[in-house]
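*Asks:* Now for the letters of each chain:
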Amino acid sequence: MPMLEVDNLYAGTEEVTILHGVSLAIDAGEVHALMGPNASGKSTLAKALAGDPGIVVKSGAMRFLGEDLSALTPDERARLGLFLSFQYPPEVPGVTIASFIRTALHELTGEETPVLSYYGQLQEKLKQLELPDGFGARELHVGFSGGEKKRSETLQLAVFAPKLAILDEPDSGLDIDALRIVAESVNAMRSPERAFLIITHYQRILNYIAPDRVHVMVDGRIVHRGGPQLAKELEERGYDWVKREFAGKPSQSEDSQTG
Amino acid sequence: MDERELEALRKSKEGYEYGFADEAEYGVTPVKGLSEAVVNQIADIKGEPAWMREFRLSSLKVFQAMPEVAWGPDISPLNLDDIYYYLKPKGYYAHSWEEVPERIKRTFERLGIPEAEQKFLAGVEAQYDSEAVYGRLKGRWEKQGVIFETTDQAVKRHPELLREYFATVVKPDDNRFAALNSAVWSGGSFVYIPPGVRVEIPLQAYFRINARSMGQFERTLIIADEGSFVHYVEGCTAPVYSTESLHSGVIEIVVKRGARVRYSTVQNWSTDIYNLVTQRATTHEDATMEWVDGNLGSKTTMKYPAVVMVGRGARGEVLSISFAGSGQHQDAGAKLIHLAPDTTGRITSKSISVADGRSSYRGLVRVLPGAHGCKAHVECDALLMNPQSRTDTYPYIDVNEPDAEVSHEARVSRVSEEQLFYLMSRGIKRTEAVSLVVSGFIQPITKELPLEYAVELNRLIQLEMEESVG
Numbered sequence: 004m005p006m007l008e009v010d011n012l013y014a015g016t017e018e019v020t021i022l023h024g025v026s027l028a029i030d031a032g033e034v035h036a037l038m039g040p041n042a043s044g045k046s047t048l049a050k051a052l053a054g055d056p057g058i059v060v061k062s063g064a065m066r067f068l069g070e071d072l073s074a075l076t077p078d079e080r081a082r083l084g085l086f087l088s089f090q091y092p093p094e095v096p097g098v099t100i101a102s103f104i105r106t107a108l109h110e111l112t113g114e115e116t117p118v119l120s121y122y123g124q125l126q127e128k129l130k131q132l133e134l135p136d137g138f139g140a141r142e143l144h145v146g147f148s149g150g151e152k153k154r155s156e157t158l159q160l161a162v163f164a165p166k167l168a169i170l171d172e173p174d175s176g177l178d179i180d181a182l183r184i185v186a187e188s189v190n191a192m193r194s195p196e197r198a199f200l201i202i203t204h205y206q207r208i209l210n211y212i213a214p215d216r217v218h219v220m221v222d223g224r225i226v227h228r229g230g231p232q233l234a235k236e237l238e239e240r241g242y243d244w245v246k247r248e249f250a251g252k253p254s255q256s257e258d259s260q261t262g
Numbered sequence: 010m011d012e013r014e015l016e017a018l019r020k021s022k023e024g025y026e027y028g029f030a031d032e033a034e035y036g037v038t039p040v041k042g043l044s045e046a047v048v049n050q051i052a053d054i055k056g057e058p059a060w061m062r063e064f065r066l067s068s069l070k071v072f073q074a075m076p077e078v079a080w081g082p083d084i085s086p087l088n089l090d091d092i093y094y095y096l097k098p099k100g101y102y103a104h105s106w107e108e109v110p111e112r113i114k115r116t117f118e119r120l121g122i123p124e125a126e127q128k129f130l131a132g133v134e135a136q137y138d139s140e141a142v143y144g145r146l147k148g149r150w151e152k153q154g155v156i157f158e159t160t161d162q163a164v165k166r167h168p169e170l171l172r173e174y175f176a177t178v179v180k181p182d183d184n185r186f187a188a189l190n191s192a193v194w195s196g197g198s199f200v201y202i203p204p205g206v207r208v209e210i211p212l213q214a215y216f217r218i219n220a221r222s223m224g225q226f227e228r229t230l231i232i233a234d235e236g237s238f239v240h241y242v243e244g245c246t247a248p249v250y251s252t253e254s255l256h257s258g259v260i261e262i263v264v265k266r267g268a269r270v271r272y273s274t275v276q277n278w279s280t281d282i283y284n285l286v287t288q289r290a291t292t293h294e295d296a297t298m299e300w301v302d303g304n305l306g307s308k309t310t311m312k313y314p315a316v317v318m319v320g321r322g323a324r325g326e327v328l329s330i331s332f333a334g335s336g337q338h339q340d341a342g343a344k345l346i347h348l349a350p351d352t353t354g355r356i357t358s359k360s361i362s363v364a365d366g367r368s369s370y371r372g373l374v375r376v377l378p379g380a381h382g383c384k385a386h387v388e389c390d391a392l393l394m395n396p397q398s399r400t401d402t403y404p405y406i407d408v409n410e411p412d413a414e415v416s417h418e419a420r421v422s423r424v425s426e427e428q429l430f431y432l433m434s435r436g437i438k439r440t441e442a443v444s445l446v447v448s449g450f451i452q453p454i455t456k457e458l459p460l461e462y463a464v465e466l467n468r469l470i471q472l473e474m475e476e477s478v479g
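Read top to bottom, the protein sequences are chains G and F.
With the working numbering, the residue at position 207 of the first sequence is 210, and numbering never jumps.
With the working numbering, the residue at position 378 of the second sequence is 387, and numbering never jumps.
If you're looking for bench data, these hints aren't it; they were derived computationally from the structure.
Among these hints, one or two may not hold up.
[As the list claims (entries may be wrong)] What follows is a set of in silico ranges between Cβ atoms, one per label pair, in the way DEER data are often shown:
(1) F:Asn395 / G:Ala28: 37 to 45 Å
(2) F:Glu426 / G:Ile179: 57 to 65 Å
(3) G:Glu133 / F:Val421: 36 to 44 Å
(4) G:Asp243 / F:Ser416: 52 to 60 Å
(5) F:Glu388 / G:Thr116: 30 to 38 Å
(6) G:Val145 / F:Lys114: 53 to 61 Å
(7) F:Glu426 / G:Pro135: 26 to 34 Å
(8) F:Glu410 / G:Leu119: 47 to 55 Å
(9) G:Val118 / F:Arg115: 23 to 31 Å
[Stated by the list, open to error] Partial list, computed: chain G residues near chain F (C-beta under 10 Å):
(10) Tyr91
(11) Thr99
(12) Ile104
(13) Leu108
(14) Thr112
(15) Leu132
(16) Phe147
(17) Phe163
(18) Lys166
Quick caveat: nothing in here was measured; it's all calculated off a predicted structure.
Think of the CB as a built atom: it goes at the ideal place given N, C-alpha and C, for glycine as much as any other residue.
All chains, please: the whole structure from these sequences, using the hints.
*Replies:* What follows is the structure, given as structure tokens:
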């Protein structure tokens with residue numbers, strides 16, 4: 004049984020259907036990339052998986068570790084081991100990163116981490132991500148640059164150690180050094196028990212994180228799938244050829260391969 | 010007066026409530042309402058000197074002559090003829106534990122308040138032995154020359170200080186409820202800090218247990234002599250249950266040259282009480298007054314801590330936080346009166362309105378002629394939790410010097426679904442996510458409170474959220 008299974012999913016806002024029959028399966032230990040032009044529905048899929056109340060599931064199914072995700076609240080999904088790294092995480096004034104992460108960790112694990120050992124762990128992770136010691140004392144995302152927000156998300160990923168991490172555009176707005184740090188952190192976390200779904204417009208981050216599978220989404224449909232070389236092909240040829248060749252056609256079966 | 014009350018009164022022979030323990034035993038049938046006879050009775054019970062009796066009686070006349078308050082929240086349901094105005098022997102409070110509302114009992118449980126304290130707070134038991142903790146600290150303060158006693162005691166023991174300062178900051182004719190308090194006051198604290206003395210541990214007059222005995226009409230007077238410092242903490246976050254419907258205290262503070270006083274209070278009156286309080290400080294040259302004010306309970310609160318800056322370079326700061334739950338109206342704010350040059354003031358007000366709760370910021374910044382080079386900044390943030398929650402802002406600014414820098418910022422915000430989804434996506438349950446956003450919102454104030462207050466305040470707001478938002 005795959006860790007994550009999305010079956011013929013139709014979803015969108017109340018008024019507009021954005022995803023038109025998306026299917027996807029990710030096994031434990033795998034890294035999948037979801038690529039596609041802007042506004043193709045990639046983030047909508049991420050939000051639907053995490054349980055964003057703004058996204059309405061119209062039909063189809065999402066199963067994570069055998070559980071029907073639609074029946075679970077976002078916090079229940081997180082406690083099952085699903086993590087979404089936000090493209091634009093919101094500001095929460097007055098709540099420090101350190102206390103927020105501690106609260107979340109408590110909820111996720113059901114265990115109270117002693118203050119001292121918690122701060123020790125946090126400092127260690129901050130060091131690994133080349134973040135300053137004072138980072139934990141900052142108010143959650145208040146006045147953060149785009150790059151700092153990504154680092155906050157990466158820090159959380161490292162601390163929470165989820166079973167499935169969905170990273171929504173983890174590379175946007177990052178300079179090359181920051182990108183390397185984020186990628187190294189992800190690579191260090193790769194394990195047979197953990198899976199990743201990396202959503203990206205550009206191939207760039209996939210130079211650092213080698214995906215097992217690449218899915219291409221256009222207009223709310225996965226129109227093409229392949230191995231790591233597909234990402235390179237997209238980088239060279241852009242999305243237009245995919246659109247020309249595949250858009251409007253039914254979603255390909257999982258075993259079809261290119262290149 | 011029914012049998013149960015009479016019985017309670019009979020049982021009260023051992024003494025009187027905290028603050029009146031050194032008063033004579035007094036057996037009299039209480040009557041409701043306000044009259045010269047009642048005021049005289051209070052002075053009799055307390056065995057007060059003539060000057061205080063005169064003060065009370067003249068204040069009563071002032072009160073009777075003053076019109077009803079014509080602005081602010083609706084307090085018309087408050088029936089001033091239906092209230093006991095004089096102190097009650099301790100046993101008199103004895104309604105039974107069974108009568109205490111479940112909601113209040115639950116809050117006690119959640120705050121982890123020991124059972125003995127719970128009963129005390131709920132007014133079921135009148136005595137609580139705080140002397141063990143309090144007595145030791147008292148010795149330390151006394152070595153420094155600090156006077157810290159009930160105002161009732163001070164009237165007898167320190168008449169010279171009382172006669173010099175009492176009712177000089179808040180005069181009886183200041184407002185109708187100040188007049189009322191002046192006529193019938195009971196309890197409250199008197200604090201005197203000698204010149205240059207810094208009291209490093211906050212004076213916690215009423216942490217939890219003493220809040221109960223604070224009474225309905227307490228009168229507090231703090232005098233910080235030149236160059237001294239004190240942090241005075243009063244009130245409690247636990248709900249104070251009372252069968253009376255009015256709390257109307259007066260707090261007066263004199264901050265002399267170069268001294269600094271911080272007065273922190275968190276009050277959580279039960280939600281049927283009208284809480285109408287006058288708090289004012291006079292700051293002299295280079296002196297600093299800081300009010301940290303938390304208003305949680307009550308049906309209606311009207312409270313505007315004020316700093317009157319009379320000396321050059323004086324500073325005044327008010328940090329105010331209020332929480333208006335269902336059926337509550339918190340009309341809170343602050344006043345900064347700049348009478349002298351180079352004085353600076355700052356008001357930070359935060360309010361949270363839940364369900365149909367209503368919070369208002371009502372504030373005054375006044376710069377008088379001759380007060381050159383003054384600065385004042387007002388910031389008020391309101392957080393609305395539900396569509397029917399309400400907030401209003403009434404900023405009054407009256408500047409009579411062109412070089413004054415006065416600014417006002419007001420913001421209204423809501424807890425966004427985006428924030429909640431984000432926090433929930435990290436495994437945090439919805440109600441806790443709401444609490445987290447709210448505790449972050451009030452963090453600029455809670456970080457100024459003593460730790461135990463901050464922790465309790467956050468826990469309490471979490472509880473209120475669960476009750477109100479579900």
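*Asks:* Does each hint fit the structure? Answer for all of them.
*Replies:* Here is how each hint holds up against the structure:
Restraint check, Asn395 of chain F to Ala28 of chain G: a C-beta distance of roughly 42 Å satisfies the suggested window 37 to 45 Å. In this structure the hint that Glu426 of chain F and Ile179 of chain G lie 57 to 65 Å apart at CB is violated, the actual value being about 35 Å. Between Glu133 of chain G and Val421 of chain F the C-beta distance comes to about 39 Å, which sits within the given range of 36 to 44 Å. For Asp243 of chain G and Ser416 of chain F, the Cβ-Cβ distance of about 54 Å falls inside the hinted range of 52 to 60 Å, so the restraint holds.
The hint said 30 to 38 Å for the Cβ distance between Glu388 of chain F and Thr116 of chain G, and at roughly 36 Å that hint holds. Remark: the range hint 53 to 61 Å for Val145 of chain G to Lys114 of chain F is contradicted by a beta-carbon distance near 39 Å. A C-beta distance of roughly 32 Å is found between Glu426 of chain F and Pro135 of chain G, which places it inside the suggested range of 26 to 34 Å. The given range of 47 to 55 Å is respected by Glu410 of chain F and Leu119 of chain G, whose C-beta atoms sit roughly 53 Å from each other.
Distance hint for Val118 of chain G and Arg115 of chain F: a CB-CB separation of about 28 Å, consistent with the stated range 23 to 31 Å. With its C-beta approaching chain F no nearer than about 9 Å, Tyr91 of chain G sits inside the 10 Å limit, and its interface hint holds. With a least beta-carbon distance of about 9 Å to chain F, the hint placing Thr99 of chain G at the interface is held under the 10 Å criterion. With a least beta-carbon distance of about 8 Å to chain F, the hint placing Ile104 of chain G at the interface is held under the 10 Å criterion.
Hint status for Leu108 of chain G relative to chain F: holds, with the closest Cβ pair at about 8 Å, below 10 Å. Because the closest C-beta pair between Thr112 of chain G and chain F is about 9 Å apart, less than 10 Å, the hint holds. Checking Leu132 of chain G against chain F: minimum C-beta separation of about 17 Å lies over 10 Å; hint violated. Taking 10 Å as the C-beta cut-off, the interface hint given for Phe147 of chain G is violated, the closest approach to chain F being about 13 Å.
The beta carbon of Phe163 of chain G comes within 7 Å of a beta carbon in chain F, closer than 10 Å, and the hint placing it at the interface holds. Taking 10 Å as the C-beta contact cut-off toward chain F, the hint placing Lys166 of chain G at the interface is violated, the least distance being around 13 Å.
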